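**Q** Chain residues, written in single-letter form:
There are 2 protein chains.
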Amino acid sequence: MIEVTINPGPIKLTVPAGTLLLEVLKQAGVMIATSCGGKGSCGKCKVIVSSPKFIPDTLNASEKELLSEEEIKKGFHLACQCHLNQNSTITVPPFSLIREDNSKIKDKVKSCLVNDEFKPAVSVKKYFLKINPPSLQDQRSDWTRIKDELNKQSNENNQTWKIPPAILGSIPQLLKDNDFKITIVLYKDKVITVEAGDTRREMYGVAFDIGTTTIAGYLLDLVIFKEVAVDACTNPQFKYGAEVISRIDFARKEVKNRQKMQQELIETLNQMIFSLSAKAGIDFTRIYFAVLVGNTCMHHFLWSLSVENLALSPYIPVITDSIMDDSRDLPNFCLIPYAKVYSAPNVSAYIGGDVISDLIDIVIWQRKGITLLVDLGTNGEIVLSKDGKIWACSAAAGPAFEGARISSGMRASEGAIDRIRITPDKVDYRVIGQTKASGICGSGIVDLMASLLKLQIIKPDGRLVNQEECPLGISQNIIERIIRGKRGNKFLVVSAEESATGNPIFFTQQDIREVQLAKGAVTAGIRILLEQARIKPEEIEETFLAGAFGNVLDTTSALEIGLIPAIPSKKIYSIGNAAGEGAEKLLLSEEMRNIAEHLSQKINYMELSAHHDFQRIFAESLFFNPMV
Amino acid sequence: MIEVTINPGPIKLTVPAGTLLLEVLKQAGVMIATSCGGKGSCGKCKVIVSSPKFIPDTLNASEKELLSEEEIKKGFHLACQCHLNQNSTITVPPFSLIREDNSKIKDKVKSCLVNDEFKPAVSVKKYFLKINPPSLQDQRSDWTRIKDELNKQSNENNQTWKIPPAILGSIPQLLKDNDFKITIVLYKDKVITVEAGDTRREMYGVAFDIGTTTIAGYLLDLVIFKEVAVDACTNPQFKYGAEVISRIDFARKEVKNRQKMQQELIETLNQMIFSLSAKAGIDFTRIYFAVLVGNTCMHHFLWSLSVENLALSPYIPVITDSIMDDSRDLPNFCLIPYAKVYSAPNVSAYIGGDVISDLIDIVIWQRKGITLLVDLGTNGEIVLSKDGKIWACSAAAGPAFEGARISSGMRASEGAIDRIRITPDKVDYRVIGQTKASGICGSGIVDLMASLLKLQIIKPDGRLVNQEECPLGISQNIIERIIRGKRGNKFLVVSAEESATGNPIFFTQQDIREVQLAKGAVTAGIRILLEQARIKPEEIEETFLAGAFGNVLDTTSALEIGLIPAIPSKKIYSIGNAAGEGAEKLLLSEEMRNIAEHLSQKINYMELSAHHDFQRIFAESLFFNPMV
Ligand code: FES
Ligand code: FES
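Quick mapping for you: the protein sequence lines, in order, are chains A and B. Position 606, counted from 1, in the first sequence is what our numbering calls 606; the numbers after and before it change by one each time, with no gaps. Position 580, counted from 1, in the second sequence is what our numbering calls 580; the numbers after and before it change by one each time, with no gaps.
Hints in this document: simulated from the structure, not taken from any laboratory. Here the structure is a predicted model, which means the values were calculated and not measured. Just so you know, even glycine gets a beta-carbon here, dropped at the ideal spot from N, CA and C. Hints may contain errors.
[As the list claims (entries may be wrong)] Here are the in silico distance ranges between beta carbons for each label pair:
no., chain 1, residue 1, chain 2, residue 2, range
1, B, P120, A, D138, 36 to 46 Å
2, A, A121, B, R328, 23 to 33 Å
3, A, S50, B, K73, 45 to 55 Å
4, B, A566, A, G197, 49 to 59 Å
5, A, K74, B, P120, 56 to 66 Å
6, B, Q263, A, K152, 50 to 60 Å
7, A, K74, B, A121, 50 to 60 Å
8, B, N332, A, E267, 42 to 52 Å
[Stated by the list, open to error] Subject to a maximum C-alpha distance of 25 Å in a straight line, what follows is the list of computed DMTMM-like cross-link-like pairs (lysine to aspartate or glutamate):
no., chain 1, residue 1, chain 2, residue 2
9, A, K119, A, E63
10, A, K176, B, E607
11, A, K176, B, D249
12, B, K26, B, D177
13, B, K190, A, E63
14, A, K340, B, D189
15, A, K454, A, E414
16, A, K602, B, E607
17, B, K176, A, E254
18, B, K188, B, E3
19, B, K340, A, E414
20, B, K340, A, D325
[Claimed, not checked] Computed footprint of chain A on chain B, listed as stretches where at least three residues anywhere in the stretch have a Cβ under 8 Å from a Cβ of chain A:
no., stretch
21, 73 to 87
22, 166 to 176
23, 302 to 314
All chains should be built: construct the whole structure from the sequences, respecting the hints.
**A** Here it is, written out as structure tokens:
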């Protein structure tokens with residue numbers, strides 16, 4: 001096996017020696033142009049290969065023909081002709097990356113809601129400027145010349161355009177080399193960068209929802225307001241613990257850990273930016289704006305702020321305001337130095353920008369009546385609003401709803417069961433990617449729980465019954481799936497033969513306890529919030545269920561396990577990763593960013609740990625009964 | 001001899017092995033506290049010594065007594081007790097630096113002019129905040145807590161205070177360690193830094209006039225608006241040539257030269273900041289604002305902008321606007337990262353921020369009638385104003401007026417002759433520092449020129465006569481001073497016995513040619529500007545003569561050599577380094593910075609090289625005749 005590093009990225013992977021480079025790139029998800037289908041005749045698949053012992057004369061006939069002298073000197077190869085025999089670093093030049101036809105991508109910037117009149121208004125702008133060359137009669141400075149043209153084109157006379165001195169440095173050469181034709185990129189009145197020629201068509205933004213368990217990324221075309229790529233990956237901090245508390249402990253141990261955790265997060269964002277860019281076939285240096293939403297702890301990790309006080313009573317964040325900064329202030333972040341980075345505002349130590357982003361997505365400020373929002377991630381965040389007043393609290397749910405800490409749990413990716421229905425006779429399920437099942441993701445777990453409760457195979461107190469306790473009418477097929485294990489019973493969801501891994505997929509008593517703890521925490525939070533607002537569960541007029549379950553949660557299942565108040569199921573909206581959609585809106589609209597700031601200040605945060613009766617309410621909430 | 005490096009600085013010097021450390025510090029101009037007069041009993045003179053082969057047991061009895069265990073471990077010594085025997089690095093902690101009694105320092109922020117109603121209004125502010133510690137009932141974030149207190153104290157409710165995330169990082173620890181008492185430093189609504197305890201009394205700014213030959217620095221106390229230290233040193237780029245053109249050539253040769261020249265400038269500014277701080281006994285981390293004025297070329301070098309087009313017709317600067325930036329954007333600049341750096345605006349490639357600064361100093365926008373300003377540095381910048389209209393041009397004078405390129409020329413420092421009067425009988429002169437003479441500075445050179453012209457020892461065409469050509473009435477003492485040299489005659493100004501160096505000080509025919517070229521360039525510039533503005537020389541109502549001659553130029557001498565238009569000498573004001581004084585005003589007042597911006601845009605720049613008749617006018621101007 002040899003190790004291959006692919007740039008931009010770096011994406012690292014291990015492949016058998018002798019693998020065709022084109023294959024390696026495919027495996028890494030890097031799509032490059034191959035017009036001739038890999039026959040070695042089009043010359044489109046040029047990449048640079050550098051190995052410790054690179055031997056330049058290992059080129060085959062096609063390569064010798066299609067590569068120029070200079071390219072050969074630089075180490076270019078045709079990916080479809082080159083087999084890797086040793087550890088190598090591959091550099092994929094932007095011109096070899098595929099550009100998908102953007103028009104094929106489905107319309108995006110849709111809302112999950114009707115009646116949402118969202119108007120994108122991107123603060124990033126591009127102007128293509130044809131500058132008049134100077135003369136002894138016109139000795140204006142380069143920057144004055146650019147400003148004057150900018151004033152003309154933007155119809156904003158005497159705008160106080162600002163340019164960082166570092167960008168000024170490149171301007172004389174850029175003007176000279178490009179016949180005085182340049183494109184200027186602005187965030188409001190501030191120059192982000194200056195580019196050669198006319199690049200108005202290329203303008204991108206990226207939004208991230210940084211969850212404790214999963215990071216989701218969205219690449220948006222800021223010219224046509226379309227999502228052009230999405231991606232998700234595991235938060236690299238997972239290795240320090242599934243919950244924020246264990247990560248805070250790690251971060252507190254040594255000052256350098258804070259920097260380390262920041263760097264790991266930034267590296268992951270970088271990799272996602274490279275892979276999103278590769279998927280969409282764009283040049284990542286054309287991304288000018290990044291929006292980051294996440295819980296307060298992830299937010300603090302990202303900005304390398306002390307998280308110590310987040311974990312200690314009275315739970316004080318360093319900052320709750322939004323942050324608008326330059327990319328260069330996030331060390332080693334891959335966007336160009338003056339690209340803008342926006343971090344959504346937080347409310348408190350345990351209500352972060354991801355919740356604000358949810359509220360942006362459901363247009364909370366326009367809702368009349370009583371609205372409940374529950375975002376199930378590693379923490380369960382609960383928001384209740386009534387006539388413009390908003391309360392919020394956070395419940396330490398643990399990562400069960402994200403598929404973590406569950407024996408056969410997994411992230412909602414290919415091979416995950418995302419829907420299950422168990423009748424007295426059989427088990428029906430759906431697998432993401434229509435392959436064999438490898439595990440169960442959050443929405444599947446809630447379905448499974450609800451089904452087994454309905455069949456009374458799980459009791460309201462969470463106990464998984466023995467075969468002989470099964471109620472009448474349940475078929476042998478189902479009964480036999482209950483298996484006595486060393487640490488309590490378990491339920492066979494998928495047999496070894498049917499599964500992708502060759503191992504059976506079980507749902508164990510321990511798994512049920514994890515779900516129970518998560519459910520109990522969330523239910524208790526909802527109860528306390530209702531009590532605080534003097535609202536009865538049945539008065540709730542609409543409930544939004546958000547969270548990175550992968551696919552959306554089945555609302556009936558959520559009702560059946562008693563996770564949310566029992567109101568008519570048609571008034572419950574399962575909205576999937578609303579924080580991600582909210583982040584996209586924050587990226588596209590300054591108005592939304594202003595509303596976010598306003599929301600973060602007006603929400604009444606309830607500290608559950610400070611509630612006099614929390615223990616009792618939590619204990620009651622552990623039961624899987626409908627919430628009335 | 002051993003080499004010693006002193007930090008902060010670094011200041012490097014070579015001293016004999018065995019020198020007392022206190023002596024070394026004195027030589028370096030670093031003043032440290034020595035309450036016991038160096039007897040080794042007060043323990044005030046603590047500094048850290050680190051040598052490659054540092055032996056900790058070389059402490060004497062006093063040191064052992066007065067230094068703590070921990071201090072000894074860190075390498076502390078008493079400067080009055082420690083002899084240096086090897087190459088060492090000395091670190092002077094801020095608490096060992098002397099603090100002068102600021103009240104003794106003369107009132108500054110005076111103007112060189114009457115009727116100047118200058119009102120300082122510093123944009124840097126400090127607030128001492130006592131923050132309420134958080135509780136479960138008050139979970140506001142650290143930053144919200146700080147903002148709320150700031151709003152209270154500043155009476156500016158809901159100001160949108162901004163803080164860089166990098167500063168946020170230090171806040172939780174700072175609050176914890178200082179009993180929630182901190183001082184916040186702001187530039188307008190933006191946080192520059194946050195400090196422990198109450199530091200309101202310490203607030204400083206620094207202004208630099210970066211000349212082609214000399215850099216002058218001024219340290220200002222921003223609480224009481226006083227100058228607390230001044231310093232000057234040679235521009236480190238002098239090694240690339242005395243004139244800007246040769247430096248531009250060097251900078252163009254390789255891209256890395258641009259960075260190199262920037263770094264050299266910044267290192268020099270750093271050293272000046274350290275020495276200014278040491279002189280005033282202040283901590284340089286309490287300097288929050290730096291103002292930089294200089295000609296356009298120095299400005300471009302400082303910001304690492306391409307200077308190529310400054311030297312090529314049509315002479316285009318990259319930027320003429322002022323720059324307001326953070327200290328961290330000047331690589332390795334020693335001020336704290338978010339200290340503000342302001343660079344005065346330029347007018348054109350050869351009229352820079354130093355001229356704008358002159359105009360600020362003479363309050364040009366309030367002057368009625370016709371005003372001429374001539375700033376003599378390596379370039380001669382000329383400004384003419386009439387009824388609010390302003391013209392300017394730049395004459396390539398060369399560094400003669402700064403004492404460079406003159407055989408016995410020197411900068412106006414100790415040992416320089418700054419005044420000379422030669423009568424038919426004798427030579428009278430004044431030396432800076434009242435020591436023996438080492439050379440002649442700019443103002444001395446102009447005096448010398450004027451005296452010798454008056455005695456007809458120099459002819460109006462610049463020829464230094466032979467002994468036998470001397471007019472009647474000149475004493476033998478003077479006549480004998482004319483000596484025939486290999487390359488023309490020379491005049492003995494100071495004999496070998498009288499001079500500090502033991503060598504005679506001559507004024508040579510070649511020196512005269514240098515002065516002649518400089519004078520010719522300036523005179524031609526003035527003539528062309530007058531012609532452009534349709535003003536006759538005698539119509540000028542006031543003339544300001546500025547420049548880094550060290551001491552101020554004698555106006556009568558300037559008139560006698562025909563440098564400036566012949567108007568009554570009482571209407572000619574020799575104002576010394578007006579650019580430095582202007583820079584101080586720019587530091588102290590935002591209004592002045594706004595006026596500077598406005599001036600830079602409204603000045604009509606005349607390109608002398610584009611003038612159809614420049615050659616003829618220059619040739620005529622070479623003669624040392626009064627300008628009428
Ligand atoms: S794919 Fe066509 S040459 Fe490689
Ligand atoms: S000066 Fe007093 S101990 Fe050194």
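**Q** Next, verify each hint and record whether it holds.
**A** So, going through the hints one by one against the coordinates:
no. : hint                         : verdict
1   : B:P120 to A:D138: 36 to 46 Å : 39 Å, holds
2   : A:A121 to B:R328: 23 to 33 Å : 32 Å, holds
3   : A:S50 to B:K73: 45 to 55 Å   : 48 Å, holds
4   : B:A566 to A:G197: 49 to 59 Å : 57 Å, holds
5   : A:K74 to B:P120: 56 to 66 Å  : 59 Å, holds
6   : B:Q263 to A:K152: 50 to 60 Å : 38 Å, violated
7   : A:K74 to B:A121: 50 to 60 Å  : 58 Å, holds
8   : B:N332 to A:E267: 42 to 52 Å : 27 Å, violated
9   : A:K119 to A:E63              : 50 Å, violated
10  : A:K176 to B:E607             : 23 Å, holds
11  : A:K176 to B:D249             : 19 Å, holds
12  : B:K26 to B:D177              : 36 Å, violated
13  : B:K190 to A:E63              : 57 Å, violated
14  : A:K340 to B:D189             : 20 Å, holds
15  : A:K454 to A:E414             : 28 Å, violated
16  : A:K602 to B:E607             : 60 Å, violated
17  : B:K176 to A:E254             : 17 Å, holds
18  : B:K188 to B:E3               : 44 Å, violated
19  : B:K340 to A:E414             : 53 Å, violated
20  : B:K340 to A:D325             : 17 Å, holds
21  : 73 to 87                     : violated (count 0)
22  : 166 to 176                   : holds (count 6)
23  : 302 to 314                   : holds (count 8)
Violated hints for the displayed structure, listed by number in ascending order: 6, 8, 9, 12, 13, 15, 16, 18, 19 and 21.
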